[in-house]
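Given the structure of chain C, go ahead and fit chains A and F onto it with the hints provided.
Protein chains in written order, with the numbering used here: chain C, 1 to 285; chain A, 1 to 299; chain F, 1 to 462.
Warning: the hint list may mix true and false statements.
For each label pair, taking beta carbons as the anchor points, the in silico distance ranges come out as [claimed, not checked]:
{"id": "1", "chain 1": "A", "residue 1": "K75", "chain 2": "F", "residue 2": "E252", "range": "23 to 33 angstroms"}
{"id": "2", "chain 1": "C", "residue 1": "T27", "chain 2": "A", "residue 2": "L146", "range": "22 to 32 angstroms"}
{"id": "3", "chain 1": "F", "residue 1": "S242", "chain 2": "C", "residue 2": "Y149", "range": "42 to 52 angstroms"}
{"id": "4", "chain 1": "A", "residue 1": "V285", "chain 2": "C", "residue 2": "L19", "range": "41 to 51 angstroms"}
{"id": "5", "chain 1": "A", "residue 1": "I282", "chain 2": "C", "residue 2": "D176", "range": "37 to 47 angstroms"}
{"id": "6", "chain 1": "C", "residue 1": "P174", "chain 2": "A", "residue 2": "P213", "range": "31 to 41 angstroms"}
{"id": "7", "chain 1": "C", "residue 1": "T61", "chain 2": "F", "residue 2": "K264", "range": "31 to 41 angstroms"}
{"id": "8", "chain 1": "C", "residue 1": "L171", "chain 2": "A", "residue 2": "D190", "range": "29 to 39 angstroms"}
Keep in mind that the hints were calculated from the coordinates and are not lab data. This structure is a prediction, so every number in the text was calculated from the model and none was measured. Where a beta carbon is used, it is the ideal one built from N, C-alpha and C, also for glycine.
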Amino acid sequence: MRAERPAGVAERRRRRLRLAGRYLLMTGLALVVLFPIYITVVNSLLRPDQIAARPPSLFPTDPQWSSYRIAWTDGHMGRYLLNSAIVTTAIMVGQVVLAILAAYAFAFLEFPGRGVLFVVFLATMMVPFEVVFFTNYHTIADLGLLDTYGGLILPFLATGFGAFLLRQAFLTVPRDLRDAAALDGYGHFRFLWHVAVPLARPTVAALGVFAFLSAWGQYLWPLVATNDEHARTVQVGLRQLRDTSLDNINVTFAGVVLASIPLVLLLLVFQRQLVRGLTAGAVKG
Amino acid sequence: MSEHVRAPGRRAKDALLGYALVAPSLVLFGVFVFYPFGKNFWLALHRTPPFPGLPKKYVGLDQVGDVLSSPEFQKSLKVTVLFVLYTVPTGIVLGLLLAVLAHRQLKGMTVYRTIFSSTVATSVAAASVIFFTLLNPQVGLFTYWLGRSGDLGVLEDPTTALIAVSITTIWQTLGLSFILMSAGLQGVPDDLEEAAAVDGASAPRRFWHVTLPMLSPTLFFAAVVGSITAFQAFGQIDLLTEGGPNNETNVLVYSVYKDVFRYGNDGVAAVKAIALFFIVLILTVVQLRFAERRVSYAR
Amino acid sequence: MHRARRSVLLVAAVAGIALALVPVGASPAGAASGKCPVKALDQAKSKPVDIVMWHSMPRASEETLQRLTDQFNASQGDVRVKLLNTTSYDDTFTKYRAGLGGGDLPDVVQIQDTSLQGMIDSQSVVPIAACIKADKYDTSDFVPRVLDYWTVANTLYGMPFNVSNPVFYYNKLAFEKAGLDPNKPPATLEEVRAAAQKLVDSGTTKYGYSIKLDPWYLEHWLAKAGKPYVNNSNGRKQRATSVVFDTKAGQEIFSWLDSMVDDKLALNTGPPAGNIDNLLAIGAGNAAMTIDTSGNLGTILQVLGSGQFPNVEIGVAPMPGPVGKGGVLVGGAALYIPKSSSPEKQAAAWKFIKFLDEPASQAQWSVGTGYVPVRKSAIEDPVLEAAWAKTPEYKVAYDQLVTGVNNVATAGPVIGPYSAVREAVVNALTQMLTQGVDPKAALATAADKSNQEIEAYNARVG
Numbered sequence: 001m002r003a004e005r006p007a008g009v010a011e012r013r014r015r016r017l018r019l020a021g022r023y024l025l026m027t028g029l030a031l032v033v034l035f036p037i038y039i040t041v042v043n044s045l046l047r048p049d050q051i052a053a054r055p056p057s058l059f060p061t062d063p064q065w066s067s068y069r070i071a072w073t074d075g076h077m078g079r080y081l082l083n084s085a086i087v088t089t090a091i092m093v094g095q096v097v098l099a100i101l102a103a104y105a106f107a108f109l110e111f112p113g114r115g116v117l118f119v120v121f122l123a124t125m126m127v128p129f130e131v132v133f134f135t136n137y138h139t140i141a142d143l144g145l146l147d148t149y150g151g152l153i154l155p156f157l158a159t160g161f162g163a164f165l166l167r168q169a170f171l172t173v174p175r176d177l178r179d180a181a182a183l184d185g186y187g188h189f190r191f192l193w194h195v196a197v198p199l200a201r202p203t204v205a206a207l208g209v210f211a212f213l214s215a216w217g218q219y220l221w222p223l224v225a226t227n228d229e230h231a232r233t234v235q236v237g238l239r240q241l242r243d244t245s246l247d248n249i250n251v252t253f254a255g256v257v258l259a260s261i262p263l264v265l266l267l268l269v270f271q272r273q274l275v276r277g278l279t280a281g282a283v284k285g
Numbered sequence: 001m002s003e004h005v006r007a008p009g010r011r012a013k014d015a016l017l018g019y020a021l022v023a024p025s026l027v028l029f030g031v032f033v034f035y036p037f038g039k040n041f042w043l044a045l046h047r048t049p050p051f052p053g054l055p056k057k058y059v060g061l062d063q064v065g066d067v068l069s070s071p072e073f074q075k076s077l078k079v080t081v082l083f084v085l086y087t088v089p090t091g092i093v094l095g096l097l098l099a100v101l102a103h104r105q106l107k108g109m110t111v112y113r114t115i116f117s118s119t120v121a122t123s124v125a126a127a128s129v130i131f132f133t134l135l136n137p138q139v140g141l142f143t144y145w146l147g148r149s150g151d152l153g154v155l156e157d158p159t160t161a162l163i164a165v166s167i168t169t170i171w172q173t174l175g176l177s178f179i180l181m182s183a184g185l186q187g188v189p190d191d192l193e194e195a196a197a198v199d200g201a202s203a204p205r206r207f208w209h210v211t212l213p214m215l216s217p218t219l220f221f222a223a224v225v226g227s228i229t230a231f232q233a234f235g236q237i238d239l240l241t242e243g244g245p246n247n248e249t250n251v252l253v254y255s256v257y258k259d260v261f262r263y264g265n266d267g268v269a270a271v272k273a274i275a276l277f278f279i280v281l282i283l284t285v286v287q288l289r290f291a292e293r294r295v296s297y298a299r
Numbered sequence: 001m002h003r004a005r006r007s008v009l010l011v012a013a014v015a016g017i018a019l020a021l022v023p024v025g026a027s028p029a030g031a032a033s034g035k036c037p038v039k040a041l042d043q044a045k046s047k048p049v050d051i052v053m054w055h056s057m058p059r060a061s062e063e064t065l066q067r068l069t070d071q072f073n074a075s076q077g078d079v080r081v082k083l084l085n086t087t088s089y090d091d092t093f094t095k096y097r098a099g100l101g102g103g104d105l106p107d108v109v110q111i112q113d114t115s116l117q118g119m120i121d122s123q124s125v126v127p128i129a130a131c132i133k134a135d136k137y138d139t140s141d142f143v144p145r146v147l148d149y150w151t152v153a154n155t156l157y158g159m160p161f162n163v164s165n166p167v168f169y170y171n172k173l174a175f176e177k178a179g180l181d182p183n184k185p186p187a188t189l190e191e192v193r194a195a196a197q198k199l200v201d202s203g204t205t206k207y208g209y210s211i212k213l214d215p216w217y218l219e220h221w222l223a224k225a226g227k228p229y230v231n232n233s234n235g236r237k238q239r240a241t242s243v244v245f246d247t248k249a250g251q252e253i254f255s256w257l258d259s260m261v262d263d264k265l266a267l268n269t270g271p272p273a274g275n276i277d278n279l280l281a282i283g284a285g286n287a288a289m290t291i292d293t294s295g296n297l298g299t300i301l302q303v304l305g306s307g308q309f310p311n312v313e314i315g316v317a318p319m320p321g322p323v324g325k326g327g328v329l330v331g332g333a334a335l336y337i338p339k340s341s342s343p344e345k346q347a348a349a350w351k352f353i354k355f356l357d358e359p360a361s362q363a364q365w366s367v368g369t370g371y372v373p374v375r376k377s378a379i380e381d382p383v384l385e386a387a388w389a390k391t392p393e394y395k396v397a398y399d400q401l402v403t404g405v406n407n408v409a410t411a412g413p414v415i416g417p418y419s420a421v422r423e424a425v426v427n428a429l430t431q432m433l434t435q436g437v438d439p440k441a442a443l444a445t446a447a448d449k450s451n452q453e454i455e456a457y458n459a460r461v462g
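Looking at chain C on its own, in the form it has when it is part of the complex (with noise of 0.2 angstroms):
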């Protein structure tokens, strides 16, 4: 603080002039950054001569909720959403678990080549999906996995980023609590589930909201190793909507608030650890 305050009624007002223009940009920006979801939101209720008449109307003075019923049904939303939610969920588990065991081998166990091993973890954060994808879209056409869950779930179930985080958290565990509860007679497995993992749990569950996020977006994979709609999931079902429903865009947009919801509610839930993993990386430095 400054030592001698300048009063006056001046300094005040600028001040608060200052201040009611802060609001005012950040006030606009808000409003650009919402408007496209405000429209979709606006327009899926609207009909679709009511979205194409000029001038535009923005306030939805009848809503029609049809839209989002057709959606539902004739666009196959309930059942993109549902592969969806399988796909993220199993990707998730899978994620947390393949990398909590690794992390737990890396952190804890002594075994001959295990920097080696580790080294191949991380090199594979070097090779995006996108160099490989049509390569694994053989061996999974090949497999026969073509339009199945497990075609889309397995080429993500192992992560060397999580491992690396895990065996980050995990070294951080005090050494002589290992040695305490190697001497309570705690097998590796005991320990893992009631002293590491429970200490390590931010950036479990930072590891969880990441995966089920990056999983949940998917768009390219889901494209090219799904033809029909059994296993197909919801952004891809997007553009199958999109396609089918040039003539009533109203169920395009319905289309899109619906596959966001699950999002934002998971957000509305889990926003700390949502943070936590977005920053992750940043952290790391």
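Structure of chains A and F alone, referenced to chain C:
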């Protein structure tokens, strides 16, 4: 380590357990990362038939040379770099602006923060479908506001298509950028700012000389990770332009996708995929290098 | 940490090189055989023989296909068909291609027109001609141009099933308003231009004509002019090695489109990346004429019926184009029988395909979907007669197919890398219409690029 108190049998058991625990991941990596990665190099050296089952022909580096020197590939590379340049810096600057504005504890700030981070709840596909419709030349609202209703569509116009795709991307990633930048700002100790304030530094000066350097690890991370992500862009291209018009938005991954799924040409696709791999590799190495040096002094 | 990082690179590099040296096995496609075991159904161990058909029909048409399939399943006990919707022509073809590597394959597959050469090159299907011969099946009732389309080197490969072609759509109300005769739609390019001029001058619509940037302008208009598209008799005598569209006739087509856009008589609505903007432009009053596939007619009538566009009354007419000794091309898809199926499944597939192409089935199919019947006698079917009497717009596409002469040009081009050639043409059109490249240069670019693609493709199969 306490292994010296353990029996040798126990050590062997530990080792076995270690292998068992990494084995599932390792098998999956082998099948879905290392095998296809290696196969890319094999494919790059072979002229591949449009249908599996027909013979593949070894052509050495001919195909690699053909692809790398082809105007299509070079255009694709140029478009990809442009896309990265359009989206990444803008996204960071906007995210930072929002983060700085929302950093001060003021009334109603939670609402603003929620709004600013709201686009993380969308997906590339959702954002693209929204913008695709809003940019429709006949019925799109944005087209109407741009005064282009009934004319050549923004997404069909070679001069504007990539920009439109970029804006969609920036919007979709803005929430993420905002969250990252906010987290970074929270890492800047308040007392540093206050000290500078006591020294009589103006707000812009404080931001430029104190906050920004402290933020450099975050900015750097966002720039590199953002670039890597942008180099891998696919969904918005597929949904908005399908690589058109006249290949003006035919980014690398999309062109790989087309090679395989439209033309059945895995050999050519492999060359492009390897090129993409090296670009991302360089970025990663740069990140690791800089993470050590330039950025750590801020610690 | 530093060392760890370096070894990451090392491991990655070594792994890559090591794997690059391992040859990846290539299994040859199933033994090549041109035989069609039409009698194998009699020897089937158990009946019904279950077969799967992959199709790409959108919702509305899928219902009709399902109804026909149900009829077939109920009508006999030998064969039971299950349909699988594989979303789109491109998706179906991709999935089929992937299946050739050893994965899932169907017993009947619906493949789009342009993939004909690809299906031949895949060496994976029983030529339909073999089934026709073995079964002594009579094809004289089929629309000749339709059979021509799927015949290469005198062999019919796919069985025509759903056929459509581009027709001319125009807004009768706008025509009236502009002082044009709504019952006399333009038949030549000059007349289209004149009509567009009148529509614009009278202030009826912003543009007269909306261009869906589709390669069919070049393909169909050259066919109408009686000119081939690729060499070796449009690729029907032997594999095409280059395009032959860079001619005066081709230039005239490009120039016409270019001048229409330059003179603001036509609106370019871009390539058909899932868009119907050319039709929406008519709805929005920005244009009053366009060319689009007859397959869209059902949707158009349905949308107009909903009252969304009160200012539109749609008229359908034969596709205008250059005058010459030819006619419009066949579009749509055919049914193929993969060799990978067992003989009894192949026989079952043949039986089902024959059912789908019976005149009565084709009549039902046409009524339900708007596709053109592939059988001449189908149009005498009371169901179809009644439907066409009620909505004569549906008949236009059929009439187009049976008018004009049938020759190599109207059989249409057979091209291995068809989609790559189409892309080359669309890119050239884009350059011409949006970037000021002149028509001659644009067409030459399209031809060059197409030839490169054809050469590269032929090298890959040869």
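Taking the numbered hints from earlier one at a time, note which ones the structure violates and give those numbers from smallest to largest.
none
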